[in-house]
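Visitor: Produce the entire structure from the sequences given, and follow the hints as far as they go.
Those sequence lines, one after another, are chains A and B.
Taking our numbering, the leading residue of the first sequence gets 1, the next gets one more, and so forth.
Taking our numbering, the leading residue of the second sequence gets 1, the next gets one more, and so forth.
Rather than coming from a laboratory, the hints here were simulated on the basis of the structure.
Do not take every clue at face value.
For identical chains, the list gives no copy identity; a pair is met inside one copy or between any two copies.
As the list claims (entries may be wrong) - Computed cross-link-like contacts, DSSO-like style, restricted to lysine-lysine with a CA-CA straight-line distance of at most 30 Å: (1) K393 <-> K45; (2) K140 <-> K45; (3) K364 <-> K45; (4) K132 <-> K364.
Read off the chains here:
2 protein chains.
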Amino acid sequence: MHCPAFSITITFEVKLTNQELIREFEPIFYPKSIAVVGISQNIFKVGSLWLKAILDAGFRGAIYPIHPRGGEFLGLKVYTSIKEVPEIVDYVIVSIPREAVPELLDDCAHKVKAIHFFTAGFGEAGDITGRKLEEELIRKARQGGFRIIGPNCIGTYSPEVRVPYGPSGRIGKVGSVGFISQSGGIGEKLVELGVARGINYSKGISFGNGIDLDSADFMEYMAADPRVSVIGAYLEGAKNGHRLFATMKDASKLKPLIVWKAGRTDVGAAAAASHTGSLAASARIWSAALRQSGAIEVWDVEELTDTLLIFQQLGRLEAKGNGTGIAVVGGLADGGGGISVSASDACAELGLNIPTLSSETRRKLTNLLGRVGSILRNPVDVSQSGSNRSVIKEATGLVLADPSIDIVIVQIDAGILLKYFPWELVESIFTAFIELRAEREKPIVIVSPPGIDETRRIDMEQQLARASIPVFPTMKRAAKAILNLSRYSRFLKEG
Amino acid sequence: MHCPAFSITITFEVKLTNQELIREFEPIFYPKSIAVVGISQNIFKVGSLWLKAILDAGFRGAIYPIHPRGGEFLGLKVYTSIKEVPEIVDYVIVSIPREAVPELLDDCAHKVKAIHFFTAGFGEAGDITGRKLEEELIRKARQGGFRIIGPNCIGTYSPEVRVPYGPSGRIGKVGSVGFISQSGGIGEKLVELGVARGINYSKGISFGNGIDLDSADFMEYMAADPRVSVIGAYLEGAKNGHRLFATMKDASKLKPLIVWKAGRTDVGAAAAASHTGSLAASARIWSAALRQSGAIEVWDVEELTDTLLIFQQLGRLEAKGNGTGIAVVGGLADGGGGISVSASDACAELGLNIPTLSSETRRKLTNLLGRVGSILRNPVDVSQSGSNRSVIKEATGLVLADPSIDIVIVQIDAGILLKYFPWELVESIFTAFIELRAEREKPIVIVSPPGIDETRRIDMEQQLARASIPVFPTMKRAAKAILNLSRYSRFLKEG
Chain A
1 MHCPAFSITI
11 TFEVKLTNQE
21 LIREFEPIFY
31 PKSIAVVGIS
41 QNIFKVGSLW
51 LKAILDAGFR
61 GAIYPIHPRG
71 GEFLGLKVYT
81 SIKEVPEIVD
91 YVIVSIPREA
101 VPELLDDCAH
111 KVKAIHFFTA
121 GFGEAGDITG
131 RKLEEELIRK
141 ARQGGFRIIG
151 PNCIGTYSPE
161 VRVPYGPSGR
171 IGKVGSVGFI
181 SQSGGIGEKL
191 VELGVARGIN
201 YSKGISFGNG
211 IDLDSADFME
221 YMAADPRVSV
231 IGAYLEGAKN
241 GHRLFATMKD
251 ASKLKPLIVW
261 KAGRTDVGAA
271 AAASHTGSLA
281 ASARIWSAAL
291 RQSGAIEVWD
301 VEELTDTLLI
311 FQQLGRLEAK
321 GNGTGIAVVG
331 GLADGGGGIS
341 VSASDACAEL
351 GLNIPTLSSE
361 TRRKLTNLLG
371 RVGSILRNPV
381 DVSQSGSNRS
391 VIKEATGLVL
401 ADPSIDIVIV
411 QIDAGILLKY
421 FPWELVESIF
431 TAFIELRAER
441 EKPIVIVSPP
451 GIDETRRIDM
461 EQQLARASIP
471 VFPTMKRAAK
481 AILNLSRYSR
491 FLKEG
Chain B
1 MHCPAFSITI
11 TFEVKLTNQE
21 LIREFEPIFY
31 PKSIAVVGIS
41 QNIFKVGSLW
51 LKAILDAGFR
61 GAIYPIHPRG
71 GEFLGLKVYT
81 SIKEVPEIVD
91 YVIVSIPREA
101 VPELLDDCAH
111 KVKAIHFFTA
121 GFGEAGDITG
131 RKLEEELIRK
141 ARQGGFRIIG
151 PNCIGTYSPE
161 VRVPYGPSGR
171 IGKVGSVGFI
181 SQSGGIGEKL
191 VELGVARGIN
201 YSKGISFGNG
211 IDLDSADFME
221 YMAADPRVSV
231 IGAYLEGAKN
241 GHRLFATMKD
251 ASKLKPLIVW
261 KAGRTDVGAA
271 AAASHTGSLA
281 ASARIWSAAL
291 RQSGAIEVWD
301 VEELTDTLLI
311 FQQLGRLEAK
321 GNGTGIAVVG
331 GLADGGGGIS
341 VSASDACAEL
351 GLNIPTLSSE
361 TRRKLTNLLG
371 RVGSILRNPV
381 DVSQSGSNRS
391 VIKEATGLVL
401 ADPSIDIVIV
411 QIDAGILLKY
421 FPWELVESIF
431 TAFIELRAER
441 EKPIVIVSPP
451 GIDETRRIDM
461 EQQLARASIP
471 VFPTMKRAAK
481 AILNLSRYSR
491 FLKEG
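Guide: Here it is in structure tokens:
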């Protein structure tokens, strides 16, 4: 089997210190200048869109559009070649056809620090031309002293310095989450869901075929980067599995590393080969290796974002006693019984600990809510509160105060509440949890299922996110995110 | 162990014919008159709200508010007692305190056909008074010649005759889905999600403690009812497991029966005992019995509604050849590679068959989409279409025409598309699938993940629902719903 990409790993056999790593990746994540190759006067071409997105995002460094005809575009001077640019360029974005790439690389030698190829049609295309081009890219990068991101990817997302993720130009708030994605599309979804759900990124990267810089490189960097507190990765395969797993092991000791390995099945692996040219090893081998490395394996984009969200919002959960004690509060409108039963199932089926509340807590809850029709052991059904805000807040406070409880999950169904009450009252119930989160040390997780009247519910989700309350659409997803959070605590304790 | 409810099963040992069953349940699902006991001049009391909801919904039968003080309320004459009403009442809704119930029942003897108790505080309360009251209820029902629904439930939902589900009064479109829910709250969520996702009910019932009419009774009726094409059930336990399983076996032969058994875990079962007084048997026994009976077991409210939706929209899927051939189409905006890989995983991990498309189909797709950067075996990544509506429609049509394909799943991410294109173009891509669904015999399933710009996406989901296209928020949920659909086909074939 022909395996042209193996040679690149040699470059990294000398391990860099953290400071060297951070310097090495500075042109990629904190570029002072960006060149865009592949613009045209047609604004709907991808290169033009990309340039406009960078401008619109408010990138503060130098921007150099490149086109052989020169002239002016979007108010910027267009350079006829990279060679003409009056300084060393940190980051180059390329979307020209693959045939034109080798000549471009000659121009880039000793003139740029990193080149990102949106251009596809290399190793993943499966033809000889594509494979040969990849080899040529690597050779020219080594000779010309620059690094390659891709090809076949969207490259860098760096909200802090206003580098948008791709030509669509979305920029969210600056936070401490880092993502590494072999797929540009999945990266795009991560950025979008970040904006929608309040996951705030420090930086992200999509690296496609990863012929030079690969998952392990970015992981090593993000592990060293103090601005990143949790790393999420979408991987289809690895050029050098041994190195990747060693890197995951080191990274997991420093911060939580959440890995979604796709291409797990035969069909998925065949698709992965056409997508990023990845060879996908057996799913079982991956799962075992991930477990050993301390990385947290997730299974789809929902679980990846759920887990990033809970780590961002709740940090590292320090489990007490025999493990994490979860309490479930439901029934904020009438009829919390079924919710309580099914919520208990969702948590218990994942092995989460739902301790019976202390007799003191139960006595106080009985005084507050009355006996009949209420489930008060844990789960706690507060439907006897008659949706009274202060009773709900007090009951949840009592549960939070129970010594066996570390996290309280509140299921609050806006769609059901809005059938009985005006929005102002529903909103005031939601904000009771924001107050509790601020007043108490223990975390609150909210399950807010979709239904009708979505606009208000979604606005509220953003408010909760800002108050460090993670919100999930289903009890099962909340439970799984909490399980992932507590797994990392256990890993740190027990190794 | 004291088991007061066993006696009721005797009543049903004489099996009714379908016609007798339909007549027996007519007062419950197609009442000609409804009495509401427990109203007051305070409109915010539950009885008053319930009365108002029935009026607002446009129930066309007679409505009799009952209150000892008489007078008038909401423009209706208030009767001081059921006895005073000038006719036999089909359906009585009761929300008075439990202590007042025995006297009410004396008034109802030979005067009403069915009584529904919203009132709680019976067997589920766990006290002697509650249990004794339940026994008294049963005795008086037998003597008085009426049936009991509940206690501790929301009762009937019957959109055809404008009986709303509970005091919140939501009524959706009339369809052919039936639901049976031990929990009122879960029933409420089913109705709400029905409106939101286009699941149209023929009827529904929540029966709480089920001391007289129980899950098996309603199941038997809905199996016999020609207006119901698929039945969904939320169960916490069964008073008579033997009879329930026999009923499920008979029902499954006639129409798909989707069962969510909650209270599966110890914690869930403890909550179920407090909720509806159910004794939950081991989860494994339930799963085995459900499988044997031909019922389709689901695990949460999401899977229950997903499965009801796909049965409603696609009917009974007749699997051809070696099973159901699924094709996945993705990449409607740029970057469909990661989606294709993960979509394949989601389907293949559930054991769905994703056959490689025929060489003819692949040749035609290659001509249409070009070679480079596209995944065309199945999954099919149409990102090379440049989001051109007619190319996307033609490509999907080619996939639908492939002889090994029975269902096509299209992943279309409105949030991503809207970053690049105006809504009009995104909408036109969605409607291409509505056209294809009308033009072709094969079903299309759409995965439309949430993100930002939810309002438009949700409107579109409703449009798709009206065109018999089921929509799911994640690939995994779509794949699971298809699996459940194909399981029923296999059960009908192989028994």
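Visitor: Would you mind marking each hint as holding or not holding in the structure?
Guide: For each hint, the structure was consulted:
For a Cα distance limit of 30 Å, the shortest separation of K393 from K45 across copies, 23 Å, qualifies, whereas the shortest one inside one copy, 54 Å, does not. Taking the closest pair of Cα atoms, K140 and K45 come within 30 Å of each other only inside a single copy of the chain (27 Å); across copies the shortest separation is 79 Å, beyond that limit. In this assembly of identical chains, K364 and K45 lie within 30 Å of each other by CA distance solely across copies; the values are 26 Å between and 66 Å within a copy. Proximity of K132 to K364 under the C-alpha cut-off of 30 Å is restricted to the inter-copy arrangement: shortest distance 28 Å between copies versus 74 Å within a copy.
When the structure is compared with the earlier hints, no violation turns up for any of them.
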